Amino acid sequence: MPNSGAEHTVKAFDTDINELRGMVAEIGGRSEQAISKAMRALEKHDLKLAEEVVAEDKLIDDLEKRIDDLTFQTIALRAPMADDLRELIATFKISGVVERIGDYAKNIAKRVPVIASTHKLGPASLLPSMSNIASQLVRDSLEAFARRDADLALEVSERDQIVDDFYTSIFRSVITYMIENPKDIGEAAHLLFIAKNLERIGDHATNVAEMVYFAAKGEPMPERDRGENPTDLLEEPSGDSE
Amino acid sequence: MTELLDSTSSSESSTMTDSAASAISAGDGPLKMTTRNVDVFYGEKQAIKDVSIDVTMDNVTAFIGPSGCGKSTFLRCLNRMNDTIPIAKVTGDITLEGEDIYAPQMDVVQLRARVGMVFQKPNPFPKSIYDNIAYGPRIHGLASSKDELDNIVETSLQRAGLWGEVQDRLQDSGTALSGGQQQRLCIARAIAVDPEVILMDEPCSALDPIATAKIEELIHELRGKYAIVIVTHNMQQAARVSQRTAFFHLGTLVEYGVTSDIFTNPTEEKTRDYITGRYG
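Those protein sequences? They're chains F and E, same order as listed. Letter 221 of the first sequence, counting from 1, is numbered 221 in the numbering used here, and no numbers are missing. With positions in the second sequence counted from 1, the corresponding number in the numbering used here is that position plus 1000.
Worth flagging that the hints you see were computed from the coordinates, not collected in a lab. As the structure is a prediction and not an experimental result, all values here were calculated from the model. All C-beta atoms in this analysis are idealised placements derived from N, C-alpha and C, irrespective of residue type, glycine included. One or more hints might be untrue.
No farther apart than 27 Å at their CA atoms in a straight line, the calculated lysine-lysine pairs in the DSSO-like style are these [to be verified]:
#	chain 1	residue 1	chain 2	residue 2
1	F	K93	F	K65
2	E	K1270	F	K217
3	F	K93	F	K217
4	F	K58	F	K93
5	E	K1270	E	K1045
6	F	K11	E	K1270
Here are some of the chain F residues that sit facing chain E, going by a computed Cβ distance under 7 Å [stated by the list, open to error]:
#	residue
7	A6
8	H8
9	T9
10	V10
11	A79
12	M81
13	A82
14	D84
15	G218
Label pairs and their in silico Cβ distance ranges [as the list claims (entries may be wrong)]:
#	chain 1	residue 1	chain 2	residue 2	range
16	F	E51	E	E1217	53 to 63 Å
17	F	K11	E	E1099	44 to 54 Å
18	F	D69	E	V1108	50 to 60 Å
19	E	I1139	F	A76	43 to 53 Å
20	E	Q1236	F	D165	43 to 53 Å
21	F	K11	E	A1206	27 to 37 Å
Could you build the full structure based on these sequences and the hints that come with them?
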């Protein structure tokens, strides 16, 4: 059901909801920026820029907390129903997911000093293109949230396959490179982790899209056929949450 | 006085029942009351337009909607309380256990014992607590001895969650109780004549939150023993106590469904606007 856009009789409710929407847009924008800055730092080997990304992650963490506090408070004080309730639940979940996206960007930035020796991405030359697509997914998922656009959310979820395909391709070429250049295995492993981080960012953008779909339609997003991923069994253990 | 137009003969209404059933019987469990194509007029003004709803035994049914939407008027059709309003005219089919409650042979006093009612303001009789409960069983001849009557009084007060608070002062006046206790006394009074359906018209609107919570808890406990229909302005209350919710607007039934669906994902835009506070 499309949102009628009518205002609430209690105007303060609209104020809260608009403030939350603003903060979600901000946390989304900051995460997207963190990804592009981290990748630029990687490509240019800009240590200062990488440090900036790490430092700015604090702002994303703070925003997540502010969003969670206000969502919690709004649910308690306004007793939202129907699409309002769904939007607030979605907001609560989206803030957590986007904060994780910021963590992945920070994780990429932290690897910049380690990949110091070559100043090149070598076997992972597709990383910048992969990163562009992943960033776009983040941007579009939050655009879908701002517009309550279930169709765009569905599209984001489908486009995540492109990120997955990039990952599979980079994974193969980096493994081949490792076999051929055993002395560079350490550095190549970091490139692999970066690819994995970007792949996870794509997944999280899909999570945001799923929440948007739920908020807009009141039902879960239809399952996407993910196909087989040959690297599924080789995922790094989780636990780089920061 | 109230009249039931003959326009909906039983054969017509049964075909109507079949076609309308999926939309209006949002219930599981045995049907207690059915209403089909009910119109209510106050003089020239039509207060209810073509409403069809099923009330089931196992679910608490809540009627919600803005003031003047017709929810109380409709509730009052279910035990012919509108008969007391001279200019009111009710048409359509309303049955209780398959019996047409507007049929000429229907005994209205008997009907109101089977379909009890609790009102917005607690209205105990200016009599003792005991006599408030015993009044109904006495006039309906439900007790053959003092012991039996005592038993009905005690059971009714227990079911209404009031026994523990009043068992030592059954001869005190019912009107001396607190508002919440008076309302539970009225519920006990309705229960005492062993009804099948209990209608509640804004039963908590005059009560504080604690007394309200007690009534809501009582509704939970009574669910299944009686078919319960509640009219409420408080949407949170409808969400808390009912399993089925009907939303009325300007005399029409906009949406009727499972309460959790109505409050998380209503089908109709009007329902959504009302429950999210965007109405008017």
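Query - Ascending list of hint numbers which this structure does not respect - result: Violated hints: none at all, because every hint is consistent with the structure.
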